[in-house]
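A.B. asks: Sequence:
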Amino acid sequence: MIIDFKDKLLVDDSGKIADQVIAKAEAMAKAVEGPPSAPGSAKGSAPPSPPPEGEPAEEVKVPCPTKMVVPQAVMFDIVCDNSGYELFADLCLAHFLISQKIVQKIRFHVKKMPWFVSDVTPRDFKFVVDSCAKASFNRQLPSEPKPEPAEGEAPPEVEPPKFLTSDKLKEIGEQWARYVEDGTFIVLCDDFWTYPHVYRDMKKYDYNMYRKLQYAVAVLFKGDLNYRKLLGERNVNPTVGFEAALQGFMPAPVIALRTVKADLICGLPKGKWELLTKTDDKWMQTGDYG
1 MIIDFKDKLL VDDSGKIADQ VIAKAEAMAK AVEGPPSAPG SAKGSAPPSP PPEGEPAEEV
61 KVPCPTKMVV PQAVMFDIVC DNSGYELFAD LCLAHFLISQ KIVQKIRFHV KKMPWFVSDV
121 TPRDFKFVVD SCAKASFNRQ LPSEPKPEPA EGEAPPEVEP PKFLTSDKLK EIGEQWARYV
181 EDGTFIVLCD DFWTYPHVYR DMKKYDYNMY RKLQYAVAVL FKGDLNYRKL LGERNVNPTV
241 GFEAALQGFM PAPVIALRTV KADLICGLPK GKWELLTKTD DKWMQTGDYG
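Going by the numbering used here, the sequence shown opens with residue 1, and the numbers climb by one from there.
One or more of the hints may lead you astray.
Said to hold, decoys possible - In silico BS3-like pairs for lysine-lysine, Cα to Cα no more than 27 Å straight-line:
| hint | residue 1 | residue 2 |
| --- | --- | --- |
| 1 | Lys6 | Lys30 |
| 2 | Lys112 | Lys101 |
| 3 | Lys30 | Lys16 |
| 4 | Lys16 | Lys270 |
| 5 | Lys101 | Lys204 |
| 6 | Lys112 | Lys203 |
| 7 | Lys112 | Lys261 |
| 8 | Lys203 | Lys168 |
| 9 | Lys203 | Lys6 |
| 10 | Lys101 | Lys168 |
Note that these hints are calculated values from the structure, not bench results.
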């Protein structure tokens, strides 16, 4: 069964977002592949030669975010919300972006401890990937009953049994595990996500975090809590544009995806808020809109 929720989606810029992400990813790929001697470039050099036998390997140096000008790879960032099925959907999006060669790496920003009970932590991330990679479901589906043949007709052919298995889930889970191992999927767990600060103050309280986000082609913020912190936990005129409501927070193109469960919103067409409020004065609390 397919349910169409388009009438519940109040602001949908997905087409424009897709075009912008692809355009920026292509531009960033050219910058990353540019000559190493380009002015202001901070790309990594070739991998060091292996150390002589018996000597310890040289520690890999991570570039300082404040000194980098060109990122080391084309990256898309996801600031995660809930674990479980929602994280699975995030991983599917990440898989699509990698498989279509739109970006080279996906950075998942998770929390050291859950702000709410369902927030993704590093342990949750590993659990979801491992659960998919180790899936072992196999069940035979009951055959549909066939009508009795009419008198003189031959009985219908017996159909071969059908099975519902987790083979494809296991296959994609194993691929995700390889992505984590080789650095295509990067799980980051910075303190800022459990700070009390709204996001417009990120540059003030955690400049390196802000700089880190600047290397993404776009940053997808998931969930109602992240949406509220993007808007500074302040009510704005519902028709105010999203960029204006961010109050200067724009380390990279920002995408916000939320179920409306709090009484602040922006970017609505003129008259939409009044129409919804007239229909149901609690529409911002029901979780029926996005």
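A.B. asks: Compare the distance between the alpha carbons of Lys112 and Lys101 with 27 Å, and conclude whether the hinted pair is satisfied.
C.D. replies: violated, 30 Å
A.B. asks: Is Lys101 close enough to Lys204, meaning Cα to Cα at most 27 Å?
C.D. replies: The given pair, whose Cα atoms are some 35 Å apart, is violated under the 27 Å limit.
A.B. asks: Are the Cα positions of Lys112 and Lys203 separated by 27 Å at most?
C.D. replies: holds, 20 Å
A.B. asks: Starting from Lys203, check that the Cα of Lys168 is at most 27 Å away, please.
C.D. replies: This hinted pair is violated, its Cα atoms lying about 42 Å apart.
A.B. asks: Taking only the CA atoms, is the gap from Lys101 to Lys168 under or equal to 27 Å?
C.D. replies: Distance ~21 Å between Lys101 and Lys168 Cα, so the pair holds.
A.B. asks: Going straight from one Cα to the other, do Lys203 and Lys6 come out at no more than 27 Å?
C.D. replies: violated, 36 Å
A.B. asks: Does the alpha-carbon distance linking Lys16 and Lys270 stay inside the 27 Å limit?
C.D. replies: The hint holds at about 20 Å.
A.B. asks: Holds or violated: Lys6 with Lys30, Cα cutoff 27 Å?
C.D. replies: violated, 36 Å
A.B. asks: With the threshold set at 27 Å, check whether the alpha-carbon distance from Lys30 to Lys16 stays at or below it.
C.D. replies: Between Lys30 and Lys16 the Cα gap is close to 22 Å, so the pair holds against 27 Å.
A.B. asks: Is the straight-line distance between the alpha-carbon of Lys112 and that of Lys261 27 Å or less?
C.D. replies: holds, 24 Å
Of the numbered hints given earlier, the model fails hints 1, 2, 5, 8, 9; all others are met.
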